[in-house]
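Now for the letters of each chain:
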Amino acid sequence: MQASINVNSNDRQTVLVCCGTGCTANGGREVFKTFETLLKDHAEIELLPVIKATGCNGWCEKGPLVRLLPRDITYCSVAPEDVSEIIDKTLIEGILIKRLLYRDPVSKEYLSSHHQTDFYRKQHKIALRNIGEIDPGQIDDYIEREGYQALKKALQEMSGQDIINIVQAAGLRGRGGGGFPTGRKWQACKNASGEEKFIICNGDEGDPGAFMDRSILEGDPHTIIEGMILGAYAVGASRGYVYVRDEYDLAVQNLGQAIGNARQRGYLGNSILGSDLAFDIEIVRGGGAFVCGEETALIASIEGRTGEPHDKYVFPTEKGLWGMPTVINNVETWANVPVIVLHGAEPFARIGTENSKGTKVFSLVGKVVNTGLVEVPMGTTLREVIYEIGGGLLKKRSFKAVQTGGPSGGCIPASLLDLPIDFDSLIEAGSMMGSGGLIVMDDHTCMVEVARYYTNFLAGESCGKCTPCREGLRAQLEILNRICDGEGTIEDLDLLEDISVTMQGASLCALGRTAPNPVLSTLRYFREEYLAHIEERRCPAGVCRALTTFYIDPVKCTGCQVCKKHCSVNAIQGERKEVHVIDESICIRCGECYRQCAFDAVQLRQEELR
Amino acid sequence: MQIEAREYEYANDYKVLIESYSGKPEHLLAIMQDVQRHYNYLPRLAISMISQHVGIPVSRVYAMASFYKAFSLVPKGKFIFRVCDGTACHIKNSATLLDQLQQHLGIEVDETTADGMFSIETVNCLGACALAPVMVVNGKVYGKVSPGDVERIINEYGGQSYASQHKC
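Here the protein sequences come in this chain order: A and B. First residue of the first sequence? That's 1 in the working numbering, and the numbers climb one at a time after it. First residue of the second sequence? That's 611 in the working numbering, and the numbers climb one at a time after it.
Treat the hints as calculated values from the structure; they're not laboratory data. Positions of the beta carbon are idealized from the N, C-alpha and C atoms, including for glycine. A few of these clues could be false.
Computed beta-carbon distance windows for the label pairs [unchecked claim]:
#1 GLU629(B) <-> GLN138(A): 33 to 39 angstroms
#2 SER676(B) <-> GLY344(A): 48 to 54 angstroms
#3 VAL106(A) <-> GLY726(B): 53 to 59 angstroms
#4 GLY178(A) <-> TYR631(B): 30 to 36 angstroms
#5 PRO635(B) <-> LEU48(A): 46 to 52 angstroms
#6 THR502(A) <-> ASP759(B): 24 to 30 angstroms
#7 PRO105(A) <-> ASP759(B): 24 to 30 angstroms
#8 SER159(A) <-> TYR618(B): 56 to 62 angstroms
#9 ARG383(A) <-> GLN662(B): 45 to 51 angstroms
#10 ARG762(B) <-> ARG103(A): 30 to 36 angstroms
#11 TYR631(B) <-> VAL50(A): 36 to 42 angstroms
Generate coordinates for the entire structure from the input sequences, incorporating the hints supplied.
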């Protein structure tokens, strides 16, 4: 047992194995188990290292990650076969294993700790402060890192109103997408009258390409619990719900365990830490409907109804769950609360821009070198995030756009790469913050097809209650399908804009009002791609199958066979080191060869296809 | 929808599962999720029993079942191939993976092979975007799948040359 050994925990060797979603899919669990098994056989080590399975470190691209403390060594892409070498060489003899270290692509230097990499150096972690550092199953790990200190401080020295004042002074805005000032929301709930009040944590993370909520719930569930207790104390609520996507098995499991542990220690229950504060939390697993991320729909879902939103003449802070005053905030928002309450408003407010304070977590994905979760101060530019932290584009392709804000966000072009990211600047650029997905697209991405993709997504997720959203999306999808199939007309573009205006003005909830954003932002910045599809009947990115054929340039082809290997229909012929040929009668135009070829030998036929 | 005779054989199992929750409406979603998880669909009899336990009309349980993506009214296959079509996967060509699966198994998305072995589904995002494109078979995650890998993955589950045998 750890507790029975009287040794300063800082001196003891600790092995942190990342068991977040990405690393687990790459075999992180097996690495963890191998450490457990093999270390048992090392009775000669006087003080056996502690092994911990942590949440997501964010650097999924290099997973599974293994970190060794106290020396702060990070090994990348570790396989179970590497474990015995790590034990023998590094843990026992103290020697670094070069091949498992990260090598900086520019300086070619081997870096012993991930903290030295550009990916981490430029980040500023508040919401993600504990993730990767602690075992989410151990409440003591959280307590050791200032956990539940904010709660103690609040109960001893502060009134509920003091907490609201601090959150307001810190300038915290909702991280789920809306950006509504959190303190103002809490104040409204505190002022409202009701027999009972509720606290909800919105973990129905529906935006494709965003997984920060999942990561926080999996890797640091206690920060959410502590944030919610502080919220409950501030507004006078007695019950809380965490609404989590059912697909997030590990998040549900870790959060459930954390709630149980918090109850045992007296952080949840009838008289929290001996005070008269009574508050408890229940988990509600979502049913899989994107619209349930909208707060009135989410409330309907918790009440056991279909997740249809209703108009918000009265806000949930007045009449929310079961008709009672309710505060509903996103996972990331709650994760910031304990830090703000413990350290005061000022340190938080010092970070960020004038109207967007603090940091924001982004999931940086798509055609970028370092994919993963990054937390940066508000106001950091897109260029810094994509090129300095993200390491630029894969295969050094040219940047075309970055999509922010989830399905109802927009695509931002290269000309706006120096845009500082905050709530207001993104809206000005025709997109929005959303929950923080940043999807990087290169010249092999067709923007018309991206608009079609999002419209298709939203058409499937529209709850159907109001006509502009339901019918508008359906009509837009039909038009976009037509354009992608090469049957679009120039009038279609006006029609798309026309429908968009109606949807923005007349839809019932934010889903419908923002649903035209993908169409409008691509029309605004990538109109020429629409025109190429309509007037020239070609898809410049080589994605829309009806408008694309591929051929192999005999001069550039080296006969490396990569395209042939990746062709799923065996349409490519050619021997090694000889020029390859695509048989167009077999080719399904999936474009895999086009994306795989390192020599640009696979090319698009540029002439018009009639 | 008719209640099928074989469903009555499971009536007691349904009952145990459903009555492990209180009859409060806030537990409706959870009850339905548990039934779905156990049987891979919501049997018609179980829907009736849920409506009685919670004290709401069958039509409201049905509304929930058809609204939320987590539920199915027909049995799903033993192996469920879920292709992620989140944005990161989409721009990395997940559509071709889906095409390949459909072709090899001879079924469309949301369909099940006649022998009840395989189903194909899409999912909006699995949050494993760093591994895009991603495919999950009964909880096992396959990352960075290329269209050429699909046949091998199908074969792992005994789906060799399935389309030719089972195509209706």
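Enumerated hints in conflict with the structure, sorted upward: 6, 9
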